[in-house]
Amino acid sequence: DSGVTQTPKHLITATGQRVTLRCSPRSGDLSVYWYQQSLDQGLQFLIQYYNGEERAKGNILERFSAQQFPDLHSELNLSSLELGDSALYFCASSVETATEAFFGQGTRLTVV
Amino acid sequence: GQQLNQSPQSMFIQEGEDVSMNCTSSSIFNTWLWYKQEPGEGPVLLIALYKAGELTSNGRLTAQFGITRKDSFLNISASIPSDVGIYFCAGQLGGAQKLVFGQGTRLTINP
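These protein sequence lines map, in sequence, to chains A and B.
Residues 1 to 112 in our numbering are what the first sequence spells out, letter by letter.
Residues 1 to 111 in our numbering are what the second sequence spells out, letter by letter.
One should not assume that every hint holds.
Said to hold, decoys possible - Derived, one-sided and incomplete: chain B residues facing chain A with beta-carbon distance under 7 Å:
#1 Phe12
#2 Pro39
#3 Leu45
#4 Ala52
#5 Gly59
#6 Lys98
#7 Leu99
#8 Gly104
#9 Thr108
Source of the hints: derived by calculation from the structure; they are not laboratory data.
Built from N, CA and C at the ideal position, the CB exists for glycine as well.
Isolated chain A (complex conformation) (with noise of 0.2 Å):
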């Protein structure tokens, strides 16, 4: 148990539709980090927040959001869904920024 807390595990939703992803950090972690990994793929980059602010932008669409809150919980926010956008999306936390980072056990997102 890396620590990382992903809710829900499971998600299947329709194209259009609007979900929201949650990650609980590691007790202690001020970093978090979104990833996208589609079928076989490997893990793409999207967001990273410490401490509630943005550091770091990737190939994250404008369709997508995501924020940190001030208990340091982050939602990663998913709108007009597509079917492209089925893929497992894991968030992982750090200490400090770019440092080991610790996984959780992402999140299954099924459009259909």
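Starting from the known structure of chain A, fit chain B onto it as the hints suggest.
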């Protein structure tokens, strides 16, 4: 775009064989991390490297941070069936905040 080149993409070996995989980049990295991912699970951190030339072991796993800071390798000695999975390298670019990942090496072991 992808800034880390990880090779090989896949490996098929016999149990007991040693394994070697590497990551290279044209950019300088400050940190190299190696992860293992099993089906349906999140990546698990295996080894972290912070200094050029650093050689670190974790059981049968050994990883090195290249002297040029542009590469890293991971070796697994005497492979066993539970080593099966996808191995990812990850690195922090100098001056950047984010961790970038290689495309992964899929390891399959024949008993």
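Here is what the structure says about each hint:
1. Because the beta carbon of Phe12 (chain B) sits about 16 Å from the nearest beta carbon in chain A, more than 7 Å, this interface hint is broken.
2. Checking Pro39 (chain B) against chain A by beta carbon gives a least distance of about 11 Å; that is not within 7 Å, so the hint is violated.
3. A least Cβ separation of about 6 Å between Leu45 (chain B) and chain A falls short of the 7 Å threshold, and the interface hint therefore holds.
4. The beta carbon of Ala52 (chain B) is not positioned within 7 Å of any beta carbon in chain A (closest approach about 16 Å), and the interface hint is therefore violated.
5. Checking Gly59 (chain B) against chain A: minimum C-beta separation of about 17 Å lies over 7 Å; hint violated.
6. Here the hint on Lys98 (chain B) is kept, as its CB sits about 4 Å from the closest CB of chain A, short of 7 Å.
7. Residue-level restraint check for Leu99 (chain B) holds (minimum Cβ-Cβ distance to chain A is 5 Å; threshold 7 Å).
8. Because the beta carbon of Gly104 (chain B) sits about 5 Å from the nearest beta carbon in chain A, less than 7 Å, this interface hint is met.
9. Hint on Thr108 (chain B) is violated. Least Cβ distance to chain A is approximately 14 Å, over the 7 Å limit.
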